Structure formats: C-alpha cells, structure tokens
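**Q** As given, the protein sequences belong to chains A and C, one line each in that order.
For the first sequence, counting from 1, position 221 maps to 221 in our numbering; every step adds exactly one.
Numbering-wise, our numbering comes out as the position in the second sequence, counting from 1, plus 463.
Bear in mind the hints are in silico, worked out from the structure with no lab data behind them.
Just so we're clear, the structure is a prediction, and the values are computed from it rather than from any experiment.
Take the hints with a grain of salt, since some may be wrong.
Said to hold, decoys possible - With a cut-off of at most 20 angstroms between alpha-carbon atoms, the simulated EDC-like pairs for lysine to aspartate or glutamate come out as follows:
1) Lys583(C) <-> Glu333(A)
2) Lys545(C) <-> Glu526(C)
3) Lys506(C) <-> Glu333(A)
Unchecked claim - Some chain C residues close to chain A (C-beta under 8 angstroms, calculated; not the full set):
4) Glu507
5) Phe537
6) Leu540
7) Gly544
8) Glu557
9) Asp564
10) Glu581
11) Gly585
Heads up, the beta-carbon is just placed ideally off N, CA and C, and yes, glycines get one too.
Here are the chains, one letter per residue:
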Amino acid sequence: MRPRAGFLSWRCTSRVQHFLVGKNSQCQQQPGQPPQASHHIQRRFFTPQQQQDITSRSVQVYRSTSADPFVNLSIEHHLLQRSHPDSTVLFLYTNRPCVVIGRNQNPWVEVNLGLLRQGVPGLKSGEVINRPVDLVRRRSGGGTVFHDEGNVNWTVICPPAVFDRDRHAEMVVRALRHLGVATARVNERHDIVLHVDAGDARETYKISGSAYKLTRLRSLHHGTCLLASPNLSRISPLLRSPAEPYIKARGVESVRTKVRNVEVDTAAFSDAVVNEFQRMYGSDHVDPEEGVMVGEESALDMPEICKGVEELRSPEWIYSQTPQFTFSTHPSEDDPRPRPSPPPELPPNFQFNLTARHGEIQDAAISGLTYLDDVDSASQNQVLSQALVSQHLHRITDWREALGSASPVPVDSEPVGRWLNGIFLPLMSLSEPAQQDGLKVASTTEGRHHQKGQDIHSWRRIC
Amino acid sequence: MASIARCMRVARPLASLAKSSVSRPIARPFSVTSTNAIRKYTKEHEWIDLSADNKTGVIGISEYAAKALGDVVFVELPEEGKKVKAGDAIGAVESVKSAADINAPISCKITHVNLLLEEKPGTINQAGVADLEALMDAAAYEEFTTAEADH
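Extracted from the complex, chain A is given alone in its bound form:
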C-alpha cells in the first residue's frame, strides 16, 4: 500500500477544483477516539500537482483506515457530494462492530437496543471485553445490517446516466470469482448470494446486500461483503427487537435472510475489488494497491466531514428521523396482530398506545396504572397521557421517572416503567461516560475465535 496522509476535497460547482484542508474543525472530541489536534500533528500534503492529478482523474479509488462507522459514512457522503459529476469513484472501508439501519427505518423495530448496549466481545490490550455496538442510520435506502471487522464495505459513486442496480454488484461478483468463490452471483433482489452444496440440496446464502442513494448529480451504490465475521452467531439476536410485536411503522422493513461468511481474507477481497473496478473503467494500468488512503485525522480535519460525523452521531438523526409509527400493547383496528402475553409483573389492566412522528409523541393513551391515592383513575389517566404528548421518545432515559413526574398524584410506575425501559430506551449517548469497557468476558478465546460450524445464521440484511 502507499500510505498518504493527506485527504482532499473539491467543489464540483467550479471548473477549477479547490482543495480544502480545514483547520477550523468544530468537531467535538468523542471518548474513545484518538485526539484530533490538527495544530500539532505533522501531516503530509499532496503537492498541488498531485492533487490535481488525483481529483481530475475520471476513475478514483479511496480506502479508509478508520474503523469508525460515522467517519466512514461521512467520508462516503463527502465523496458523493463533492466528487466531479463525471467521475467514477470506488471507496472501501471496514467498520468496528455496529448495526446500520436504512435511511427510512425505525430503530425500535429493527434492533434490540438493550443487546447493543451490552455489546459484543472484542480484544482490548490483549483482554477480551464487551464493547457496545454502535447504532448508525445511513443515508441510503434499504434494510438493517450488522458490520464488524470481518466485513469490507464497498461503495461506487457514478453519474446517474450509467446507473444500474446490478452493475457494481456484478463487479464484486467478478472480484469474488477471481478469488476462487465460483458460486457467487447477483440475485433478483440485487444482493450477492453464494450457492453451497449441502448433501443433495443446494443452499443459498446472502453474502452482500445492496443499497442506493440517488442525488441530482450522482448515484451511489454500496454493500457490505461478509468475509470473516467472528460475530455471526450474535447477529440474529441483535437484530430482533422486543418492541417489534407492538409497533406498526411507516417506512421500510428489513427482510431476514440466511447469511454466511465467504471466508476470504479482507485485504485480498479489497485488492480484488480495486482490480475489477480498474479493469471495468479502463484505467491505464491495473494496480491492486492503487488508491488514496484516507485517515481519520485528515478526514475529521475537514469541516464538512466533521459536520457530517456530528449529524450522524446525533440522536436527532438516529431517532428523530424515524418515520411515523404507532405502539400499542393490545391489538387495534390499525394493527390487529395478536400481542405476546404481557409479563406477569405488569398490572392486569395495563394498556398503552402512542403515535410518534419524527420520534415525538403526538398522542398517547395510558391506562391500568396503579395510583397510590384514592383518585378517579380515568381522569388521572388522561392527565398522565396528555403529559406524555410532545415528549421525544429518545430523550426519555427512565420511564419510571417519566411516568412518575407526568402523574399529578403518586403512581406505582415501577413495573410498567421497567418494561417500557426495556422497549424504548435509546443507546447511551456516546458523549456521556458510557460503560465502554465494562463487562469482562470469561473466555479469552471467545471473541475472535471463528466457529466454522456456526456460520449459518439468519441475519436481517439490506432488503
């Protein structure tokens, strides 16, 4: 590889390309990130001629060295918005463990927020500890996926005139075939699947999805190829929400699909994809190690990327961008599905319905709570329900307290509040001191040991 420290930006509005190297970064330092003190870090820059050479090329390749999903998606968005409209760009990156929901999805329906908080095992200073799994809302459509260090994410940005939903999935299939994965193909859902002979039967597993973001000037197609994830067995529970049976949501639902690892080395895959990309777009020379390396520091030093990271990290983006949905503890006219039996500790007559738009409660009706004073429950229910209206779901960090303070008379909010906490509590904001390095795991091999026998699990993937 040819490591290069600089990263560049250009404005497509101008014939002359401007290279911005921001020095007024407003990015808030997040815990767990390396310090990003641009003023004392010695950075190498491209000469103006080198910069001109790279961004004026019609075919460009970038690889990120960051494992931060918020940074990588922001670099990707920057490339989408700022690359020359006629250029074709390949971007490759790998994220630390995270769950990525589609642009128009509902985190309460798609993921088990409690399990994300607990995290998955990972190595830190030679020890296996549980690290929380990030929740990310991307800008492209489609369903929910899990990423970790065993995935490579590939992105191709091209002019809308040549956009085709299968074109670049086929490119990745060719790369896989070069690596000896002969049975990979693109299916009718634009996913990459693998056929595996299992006795007499032939089974099909998804190994990479597809999602798209279409703008006025550019089309973006990306996918995440599952190569060697150590977390396959943990994915399915992470993507099963305890709230799902109670929620009817507008927007996009995920499709649950069987997945498996391709069992190809991530670096070999990346090189093969670069190779195919260059072959496809007629680069003068085919160099698998081609590509500008983009580092986290240089990326965050650019105000636009930094702003993108802040937006993607914000609860307003992750939760408030949720399409309208209703939650109801009991079957309703709108959502007649039978509900799971309520936990025995809930009051027997407890009922709760709410409608949330942009994550804000529009209307609520709660009943069956136990009031501790001798009061008219019906009117107390009304007062309490009304007090919940206009609250933002993700800002409620304890429902026991929220119900208690919304009620004008003392109420036993403990069992109901505890249950609602399990359903609605957002992931702890990363700006708060999180239990980042909490829970130690007994076995020191569990984290990275790849269990071949357990490769096959259902995984809710990009639909």
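Based on the hints, put chain C in the right spot on chain A.
**A** Structure of chain C alone, referenced to chain A:
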C-alpha cells in the same frame, strides 16, 4: 396538447406551492384567458404545474421517474410553510433500496402537501388514469352542458 393530456393522466402531485418572490418569472405560453396549467419538467424528472394566476402551482414527479424508481415504499414530504430555493430537497422517496431526493423545480413556499402519499406511498406508482378518464374534456363538457340546457 396530446402530450399534456398524457402527462395529466399520470399526475402525482407531491405538494402545492406559492411562488416565492425570488423565483424567476415564468413566461406563460398560453393566452391569459387560458385556464390550462403550464407543466414544466426538470432534467431530474420533477414537474411543476403553474396555475393560471401564475402564483401557485403543484409539484410532482414524472411517470418516467416513478417507473425508474420502482415500487415506492416511503415518501417524505416537506413541512407546510417551508420556503425553498430551486434545487433544494423538498422531500424524498424510497424504492427498491434506493433513497432519492426530490428537489424543488423553482424557488417557492410549500403551502400544502399531499398527505395521502405518506400514508400510502405506493400511490405514486399508480397513474390516476381511471379517475381522470372518467372526467370530461372541454369538448365533451360543452356537449354535456348543451344537452343539459336542452332538457
């Protein structure tokens, strides 16, 4: 005219708008007495019907765009009262794993949105042929009023 009639059959209004004062004046190709809406398209397949008073209109996406997008599963509409410049995103649609922006064809203020699309996004794929074909064109209407008067 035929082409306008065809467009009308596939009208998928997203939003009504009031032209903002900063927008470019649009020359009206029809006579001032015409009540025909003027439909103009952007290269990004949005259309705008400007009403006869040249102050308000309706924005939608073309049949071509709806076909290219495939089955629309989600529509996001702008807030009423929002002022936008030409080219600004005024909404978004999702179809076949694709999130696509819808941009304002001109600078304007959003006065109403078609909330049905949020509730039933697939409506955007259904050309309103049946409803419109049940209606009369000018000639048929004249015939109708004449017949009515005869009674």
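**Q** If a hint holds in the structure, say so; if it doesn't, say that too.
**A** Verification of the supplied hints:
{"no.": "1", "hint": "Lys583(C) <-> Glu333(A)", "verdict": "holds (17 angstroms)"}
{"no.": "2", "hint": "Lys545(C) <-> Glu526(C)", "verdict": "violated (26 angstroms)"}
{"no.": "3", "hint": "Lys506(C) <-> Glu333(A)", "verdict": "violated (43 angstroms)"}
{"no.": "4", "hint": "Glu507", "verdict": "holds (5 angstroms)"}
{"no.": "5", "hint": "Phe537", "verdict": "holds (4 angstroms)"}
{"no.": "6", "hint": "Leu540", "verdict": "violated (11 angstroms)"}
{"no.": "7", "hint": "Gly544", "verdict": "violated (16 angstroms)"}
{"no.": "8", "hint": "Glu557", "verdict": "holds (4 angstroms)"}
{"no.": "9", "hint": "Asp564", "verdict": "holds (6 angstroms)"}
{"no.": "10", "hint": "Glu581", "verdict": "holds (7 angstroms)"}
{"no.": "11", "hint": "Gly585", "verdict": "violated (12 angstroms)"}
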